[in-house]
Amino acid sequence: MDSNTGGTMRDAVQGSGDRIFSDRYEDSSSASSDFALRVLERATYGARPEDLDHFLSLGSNDQQRLNAWLDEQLDWQGLDDSGLEQRLAAAGYLTLDKTITELWADHVQGDADRYLPAAETEAARILRAVYSRRQVYEVMTEFWHDHFSVAGWDFSIAPVLVQYDRDVIRPHALGNFREMLEAVARSTAMLIYLDNKDNRAGGYNENWARELMELHTLGSDAYYPGAAHGEIPLGDDDLAIGYSDADVYDVARCFTGWTIRSGHWEMPDTPEYDNGDFIFFVNWHEGGNKYVLGNFIFGPTDQMEAELAMDYLCMHRQTARHLCEKICRRLVDDEPPQSLVESAAQVWHDNWQAGDQVAKVVRHILSSADFVDGTGTKIRRPFELMCAAFRKTAAEIEPQPTGGWDPWGDLLYRFRQTGHGCFRWPSPDGYPDTADRWTSASVMGQTWRLLSRMVELDDDSDRFLLCIHQETVAGLPDPAQRSAEGLVDFWLERLVGRPVASGRRSELIDFMRQNAAADAPLDITSGLPDGDWNSGNLSAHYTPSRLRAAVALIMMLPEFYQR
Amino acid sequence: MRRRAFLQGCCAAALAGAVPLTTFWRPAAAAGRTSNDVIVYVFLRGGIDGLHLVVPYAGAERSQYELLRDNLAIPESNLRQINSQWALHPRAGGGPGDGVGSSPKWLHRLWDEGRVAIVQGSGMPQHLSRSHFDAQAWIDLGTPGDKSTPDGWLTRYLAVADGLPSADIAPVFGFADTRPMSLMGSSAALTVASPESFRVDGFHWSWNETNPDLAGHQAAHRRLDALWSGGGASPLLQAGRDTADALEQMRGMDFDGYLPEGGASYPGGTLGDQFRSLAQLIKQDMGIVAATVDYGGWDTHAGQGVPQPGNANHYDYYGIRVEELSRALDAFYTDLSASSQGNLMDRVNVVVLSEFGRKVRPNDASGTDHGHGNVMLALGGRVNGGMHGSFPGLDAGSLFEGQDLATTTDYRQVLAEALVSRMGLAPAQLEAVFPEFGSYSPLGVFSSS
Chain A
0 MDSNTGGTMR
10 DAVQGSGDRI
20 FSDRYEDSSS
30 ASSDFALRVL
40 ERATYGARPE
50 DLDHFLSLGS
60 NDQQRLNAWL
70 DEQLDWQGLD
80 DSGLEQRLAA
90 AGYLTLDKTI
100 TELWADHVQG
110 DADRYLPAAE
120 TEAARILRAV
130 YSRRQVYEVM
140 TEFWHDHFSV
150 AGWDFSIAPV
160 LVQYDRDVIR
170 PHALGNFREM
180 LEAVARSTAM
190 LIYLDNKDNR
200 AGGYNENWAR
210 ELMELHTLGS
220 DAYYPGAAHG
230 EIPLGDDDLA
240 IGYSDADVYD
250 VARCFTGWTI
260 RSGHWEMPDT
270 PEYDNGDFIF
280 FVNWHEGGNK
290 YVLGNFIFGP
300 TDQMEAELAM
310 DYLCMHRQTA
320 RHLCEKICRR
330 LVDDEPPQSL
340 VESAAQVWHD
350 NWQAGDQVAK
360 VVRHILSSAD
370 FVDGTGTKIR
380 RPFELMCAAF
390 RKTAAEIEPQ
400 PTGGWDPWGD
410 LLYRFRQTGH
420 GCFRWPSPDG
430 YPDTADRWTS
440 ASVMGQTWRL
450 LSRMVELDDD
460 SDRFLLCIHQ
470 ETVAGLPDPA
480 QRSAEGLVDF
490 WLERLVGRPV
500 ASGRRSELID
510 FMRQNAAADA
520 PLDITSGLPD
530 GDWNSGNLSA
540 HYTPSRLRAA
550 VALIMMLPEF
560 YQR
Chain B
0 MRRRAFLQGC
10 CAAALAGAVP
20 LTTFWRPAAA
30 AGRTSNDVIV
40 YVFLRGGIDG
50 LHLVVPYAGA
60 ERSQYELLRD
70 NLAIPESNLR
80 QINSQWALHP
90 RAGGGPGDGV
100 GSSPKWLHRL
110 WDEGRVAIVQ
120 GSGMPQHLSR
130 SHFDAQAWID
140 LGTPGDKSTP
150 DGWLTRYLAV
160 ADGLPSADIA
170 PVFGFADTRP
180 MSLMGSSAAL
190 TVASPESFRV
200 DGFHWSWNET
210 NPDLAGHQAA
220 HRRLDALWSG
230 GGASPLLQAG
240 RDTADALEQM
250 RGMDFDGYLP
260 EGGASYPGGT
270 LGDQFRSLAQ
280 LIKQDMGIVA
290 ATVDYGGWDT
300 HAGQGVPQPG
310 NANHYDYYGI
320 RVEELSRALD
330 AFYTDLSASS
340 QGNLMDRVNV
350 VVLSEFGRKV
360 RPNDASGTDH
370 GHGNVMLALG
380 GRVNGGMHGS
390 FPGLDAGSLF
400 EGQDLATTTD
410 YRQVLAEALV
420 SRMGLAPAQL
430 EAVFPEFGSY
440 SPLGVFSSS
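In the order they appear, the protein sequences are chains A and B. Here numbering that gives the first Met the number 0 is used: the first residue of the first sequence is 0, the next is one more, and so on. Here numbering that gives the first Met the number 0 is used: the first residue of the second sequence is 0, the next is one more, and so on.
Calculated directly from the structure, the hints in this document are not laboratory data. Beta carbons are placed, not taken as given, at the ideal position from N, Cα and C, and that holds for glycine. A hint or two may mislead.
Dumping the calculated SDA-like pairs for lysine to any residue here, alpha-carbon to alpha-carbon at most 25 Å [stated by the list, open to error]:
1. Lys146/B - Ala479/A
2. Lys146/B - Glu230/A
3. Lys325/A - Ile508/A
4. Lys146/B - Ile231/A
5. Lys146/B - Gly429/A
6. Lys282/B - Phe436/B
7. Lys377/A - Pro149/B
8. Lys146/B - Ser525/A
9. Lys146/B - Asp96/A
10. Lys325/A - Ile240/A
Non-contacting residues of chain A with respect to chain B, defined by C-beta distances greater than 10 Å in every case (computed) [what the hints assert, rightly or not]:
11. Leu36
12. Thr401
13. Asn514
Interface residues of chain A toward chain B, partial, derived using beta-carbon atoms under 7 Å [as the list claims (entries may be wrong)]:
14. Glu71
15. Asp74
16. Arg199
17. Ser219
18. Asp220
19. Gly225
20. Arg415
21. Gly418
22. Gly420
23. Ser534
24. Ser538
25. Ser544
26. Pro557
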């Protein structure tokens, strides 16, 4: 089924044979649609009716359908995404195709807005999460941005964030970790962010080397503070089972000279030494022996020393465990089962040189009993709540980078206040991925504030971003169906898809009906877009606006938080 | 007004049995509530270079400092001298255009008034990590060496302290986007980055605010509480209910219209805004006993900067941050100490710390890498101003691992003293707040009277 635009959804809704909308959800919650919903809610940015239909069309039992769906999603390049490409092209972004040297010339050295590349990367990220058919790929892209987090709106990094997203993270999101790490280590953004651009002989800078081992590869569980070289035992792969400060210092020395063409006064005074691209500047490389994870860096010299150090880190079992625990946490549960982490780590380790290493690991995790049985719980973080709200209301959006008081300025400001703005986490450990870090009153209150606004935002042509009215009319074509009860149930089905606590449903119906009976039809079409004042009869007081508010309230339900 | 979740501070099962609910009511305090102290825990995220803030000014340490600090050493002529041996970074007491001889402002002024304590050589003596994340987690959790502790030290304090007042909104406010680890496991803490925008206010105007002229009309946000009711007591549901409660109560407060007292002038920016809101909350006398404030940007691996006081055009990254911090602390102190309700700083205790100090030697990028020992600050009307603890020394024999300042005072001693001297904790209860922290030996940073 082609589901690359919101348009097909409306066709599906209108079709009388459509499973989701021909019945009340209580009647249609068969085990297979539950399974489809669970998989899609967990592994994508939100299950839409056409996504559920498509999943259910892929085979004759859950296992077959899941396998076929994974085949499709993990072969991401084979999945036609022309609908998204058209939207990206139509949005008219200016910086997303610029090379690193163009970004540098225009946005660092030139007069172009320094923050535009970051702003457009954020806009495109929202567009992709909402419309791309490559949903697992987009989920993993977000994962890797969190894993190799940079402060994307930093004065120095914002101009080059386009390169980081396009050339560093995205090509490898379902590919090979060693290749991604290579790209990260050479990326202008990371070289700036963790200061390796300043790491040079005689005064090395350990920042990158430390985070490389602690956050990006081995993990702090493998950190032996205070241990000297040779004190940490070797594993059966002849690599030390962990690292110490001594390893950090020597890995930092391996990376001396990995820098950017920044026009530094010690570099030749020619334009090609000031174009922002990666360079191994041999003059800054510190010679001499290095000892990393219990092994001398013998043989290779210069730039190859760091390459060998990265090989050690990527083939290490601790890296496999650390990375697989994080991926399992993203896809399965805040505290993923250790057995799943271990089995995924084995797949990771066995395939550390395979081109589809990450895809293999993701398949392993998404096919596991732990995932299929749906025992874990995850909640949507603010970005995921926002994207699910867009997807499930058939939103027609074209996010624009802006700092002003247009709808996108308003929306992105409120989104930022949730504490989950794209590329805005300040420290290199990336956004947290456990519920306890996203359930503070601040995050929840600001997220509700955002959702309350999303339903009201309209574009220059006074079209609402969320198609609440159109979807309601299409889904409930007979005005007699549009009672408070009918409206609330329609949107509960569309947004949540599972039964919600009955007290919550009644509260929503009470808000929608006001002084009318729950089964009395409400007029949602008079006085569009907002409705009319009616002080004597609140059930007719700004009813279209009240419907939008009710939809926003559904997006604030605990059931909508469940991923 | 419901006080449901806010009466007790902790959901850690291990502690639940030790916390009789009745102890949260203290009749004397519940009547006026003004008798309770407040602790403000300011975390300078990223590892502030304490040696760049409190700088050796004379003697052997000065010579050793100049030798090791090399091009990052601040010349004596660019420092604000505070006693025979020590000086402050100039931006702690003046703007970039103010020479060091100009009359002291901000933190320097408060030091001169005896309201600031500096604790030398503070940090984690027995457990070493040069990782930001481990060190921050250990400090916030109060359990150096163990970051699997399920709750933060402030969470445990709230759970075991006797006689805490009842709180209208929350007994502890975390000023941050996401909950700081010092408040991990707390169902009572309210984490907000900015209180004035903490309202669900985006609906169409017709349903955004309750219209009292329309009989039976109720704004949409009023439904949130019921929408999170029922369904058990999962952490998510509890958090949603607390959020709905807090939203309703904060909606009634006028943050934009708040006027600081005593001529206090908060610096623009998040830090100043947060301190201003905190002062307002404390003046509202609504049972707040603790607050956390985070101020980041101290990870100065490159371009840390050497100040040039008197040169208004000189860019000094570190100095800008020192100035913002100093101005915010000064405004907060002034606002509360000159309050029409009396000198509220007599019951407000500010502690400032960071996860570790930085290397004594600069790196090749005019920055400093992660180190070990550091300074802590305390500020308040009941703080014994002056130098505390002992400076660990810059000579080769004293440096930790030959490169960092050593640690001579466990940071928990300072926090423990604040809790015991000011916050009503019995010494015997310290073990519950800081497990395995050893013997309590207060430095005299806080007055107990």
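A quick look at each hint next to the structure:
Only pairs whose Cα atoms come within 25 Å are accepted, and Lys146/B paired with Ala479/A is rejected, the gap being roughly 59 Å. A C-alpha spacing of about 24 Å is found between Lys146/B and Glu230/A, which places the hinted pair at or below 25 Å, so the restraint holds. A hinted pair counts as satisfied when its Cα atoms are at most 25 Å apart, and Lys325/A with Ile508/A does not qualify at roughly 40 Å. For the hint pairing Lys146/B with Ile231/A, the CA-to-CA distance comes to about 22 Å; that is within 25 Å, so the pair holds.
Taking the CA atoms of Lys146/B and Gly429/A, the gap is near 18 Å; set against the 25 Å cutoff, the hint holds. A hinted pair counts as satisfied when its Cα atoms are at most 25 Å apart, and Lys282/B with Phe436/B does not qualify at roughly 34 Å. Only pairs whose Cα atoms come within 25 Å are accepted, and Lys377/A paired with Pro149/B is accepted, the gap being roughly 19 Å. A C-alpha spacing of about 59 Å is found between Lys146/B and Ser525/A, which places the hinted pair above 25 Å, so the restraint is violated.
Only pairs whose Cα atoms come within 25 Å are accepted, and Lys146/B paired with Asp96/A is rejected, the gap being roughly 43 Å. With a CA separation close to 19 Å, the supplied pair Lys325/A and Ile240/A stays within the 25 Å bound. Every beta carbon of chain B lies more than 10 Å from that of Leu36/A, the smallest distance being close to 19 Å; the non-interface claim holds. Listed as a non-interface residue, Thr401/A keeps its Cβ farther than 10 Å from every Cβ of chain B; the least gap is roughly 18 Å.
A beta-carbon of chain B comes within 10 Å of the beta-carbon of Asn514/A; the shortest separation is about 7 Å. With a cut of 7 Å, the hint placing Glu71/A at the interface with chain B is violated, because the nearest CB-to-CB distance is about 32 Å. The interface hint given for Asp74/A is broken, as the beta carbon of that residue sits about 35 Å from the closest beta carbon of chain B, more than 7 Å. Residue-level restraint check for Arg199/A holds (minimum Cβ-Cβ distance to chain B is 6 Å; threshold 7 Å).
At its closest, the beta carbon of Ser219/A sits 6 Å from a beta carbon of chain B; the interface hint therefore holds under the 7 Å criterion. Using the Cβ-Cβ criterion of 7 Å, the hint placing Asp220/A at the interface with chain B is not satisfied: the shortest such distance is roughly 10 Å. Annotation: interface hint on Gly225/A holds; nearest CB of chain B at approximately 5 Å, less than 7 Å. With its C-beta approaching chain B no nearer than about 9 Å, Arg415/A sits outside the 7 Å limit, and its interface hint is violated.
Residue-level restraint check for Gly418/A holds (minimum Cβ-Cβ distance to chain B is 3 Å; threshold 7 Å). For the restraint placing Gly420/A at the interface with chain B, the shortest Cβ-Cβ distance is roughly 9 Å, beyond the 7 Å limit, so the hint is violated. The beta carbon of Ser534/A is positioned within 7 Å of a beta carbon in chain B (closest approach about 5 Å), and the interface hint is therefore held. Restraint check, Ser538/A versus chain B: the minimum CB separation of about 10 Å is more than 7 Å; hint violated.
About 4 Å separates the beta-carbon of Ser544/A from the nearest beta-carbon of chain B, less than 7 Å, and the hint is met. Look at Pro557/A: its Cβ gets to within about 6 Å of chain B, closer than 7 Å, so that hint holds up.
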